[in-house]
Amino acid sequence: MANAPTSGALSSAVIALLADAAFVFAEPTTAPMPAGENPLVARLTLELGERWELCVCVQDKLGQMLAANLLGTESETGEARAAASDAVGELANILAGTIALDLFGKTVVCKIGIPVVAMESGRAVGECLAKSACRVNLETEEGYALAVALTAQGGT
Amino acid sequence: MSYRILVVDDSAVSRRMVCRAVIMSGLDVSEILEASNGQEALDLLGKSWVDIVLADINMPVMNGAEMVREMAKRDFMSVTPVIIISSERSEKRMEELLGLGVHTYLGKPFRPEQIKQVIEEILRERKEAGHG
Chain A
3 MANAPTSGAL SSAVIALLAD AAFVFAEPTT APMPAGENPL VARLTLELGE RWELCVCVQD
63 KLGQMLAANL LGTESETGEA RAAASDAVGE LANILAGTIA LDLFGKTVVC KIGIPVVAME
123 SGRAVGECLA KSACRVNLET EEGYALAVAL TAQGGT
Chain B
66 MSYRILVVDD SAVSRRMVCR AVIMSGLDVS EILEASNGQE ALDLLGKSWV DIVLADINMP
126 VMNGAEMVRE MAKRDFMSVT PVIIISSERS EKRMEELLGL GVHTYLGKPF RPEQIKQVIE
186 EILRERKEAG HG
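Protein sequence lines, in the order shown, are assigned to chains A and B.
In terms of the numbering used here, the first sequence opens at residue 3 and continues consecutively.
In terms of the numbering used here, the second sequence opens at residue 66 and continues consecutively.
If we strip away everything but chain B, and leave its shape as in the complex, we get (with noise of 0.2 Å):
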């Protein structure tokens, strides 16, 4: 089964890092989407299936707090899990988020490998719910 990603940040050479990080991965995925802040994924994702959403929470538009909080409002949308990885990384700010329903937070620079292993999770996880 390949596996569609949204990755979501305003820096173009962010989501390159990310975008390289899950091809290296060795995951197999059939497109990797890209969006620059929170208001485009969720257009992305109300329009097309997304398996993961790899997403920054400073953004401008809609930040990565807010998206969460919008995904969590609409059925399709609150089941697909979100990784967020972003530089901000107290513990209040990673409480607050995976409060939100994240499903894990990763702070930057984060290295290739702990992007693999946090998909590799995921899918552990999906196929043990019966969903993968």
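Bound conformation, chain A alone (with noise of 0.2 Å):
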């Protein structure tokens, strides 16, 4: 495989990939993800030789400002709410394609699977997280956590 990924370079590409898809401006935190909460959670396939598996997880909140970014309307209307899940599960697609792309380089061959969006428990996730060697926490300039980990899988 080509040189692993690092949480580093998975942040830049994060941080940058929200601020200019999604308008949500973040940093790097170590705070955790909230345990006490459930927040949505997207995960994604990406062949890139390897099999790895992309896992963004962000609070419900910052899912429905998301899908309002998004879509040009306001955070807490009934649409924003609707639309939160398909968001997160946009901006996981999308961010595979830049982490394959800013992470691999454009020679490679990428194969980038659907998105499965669902809440799940706040320690299950942290658990999950927890087993990733790329990962990244951040927070966003309104206070909503967010968190992604790149996890190989083996191979295809």
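The set of hints was computed from the structure by calculation and includes no laboratory data.
These numbers were taken from a predicted model, which means no experiment stands behind them.
Certain hints may be false.
[What the hints assert, rightly or not] Covered stretches of chain A, going by a simulated chain B footprint (3 or more residues, C-beta under 8 Å): (1) 17-28; (2) 73-86; (3) 89-95; (4) 107-114.
Even glycine gets a Cβ: it sits at the ideal position worked out from N, Cα and C.
Using the hints, put the two standalone chains together into the complex.
Shown next as structure tokens:
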């Protein structure tokens, strides 16, 4: 495989994409996702010679904000609430393409799976993220938490 | 002349973003149709004329590449320009899709002005070919 992606490179890719695609401004934090909340989690497979799983976890309110920003509407509308899961899935999809390009290069053949989005328990998400060597915890300027992990799944 | 546009993506949020970009482009659009996968898109294309298709690649049921292959088999659909808008941006993937006859390949995230630019290019080409 090519050079293993680093948490630092992942962090830079996620921060740049959030600002560029969704007008969300975030910074790295050492604080974990709030354990008492059930975040929205998007998972998708990413085939880049080797198979990876990309996991994007966001606080529910951040999911609504992402939806509102992508749709050009207000965060507290029913439309944004209804589209939160779809927006987190779309963010994971776009992020997968950015990771493939930024961390693996444009000549690597890439196949991105369809994101599966669900609300998962905060504890299970925390345990899952802890297993990944390439992960980043971020906090938006509004104070919302977001975590992204890229985990090798073995050969394709 | 007003145009009919078809937006194909399994994500409703993504379809909405593309629709907004088309509207913001200032193009005289009579109708924007939406489909959530390639098969739905083929069904719509079989029923009514569409001037330009904007499609994702990764979709359930029928993906964008299969849709383009199926369109090429049908005379009346084979002339419809297809713009692929996808998060997959590897050179090989782009070459593959362009080789299938896709007019333009745009990576996500895209900017509305990119959509405008591509649509204007397609319309200019059609006019020069005497179809405008």
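We went through each hint and held it up to the structure:
1. With 3 residues having a beta carbon nearer than 8 Å to a beta carbon of chain B, the stretch 17-28 of chain A meets the requirement of three or more and the stated coverage holds.
2. Residue count for the stretch 73-86 of chain A with a Cβ under 8 Å from a Cβ of chain B: 3. That meets the three needed, and the coverage hint holds.
3. Three residues within the 8 Å Cβ limit are the bar, and the stretch 89-95 of chain A against chain B gives 4, so the coverage statement holds.
4. With 7 residues having a Cβ less than 8 Å from any Cβ of chain B, the stretch 107-114 of chain A passes the three-residue criterion, so the hint holds.
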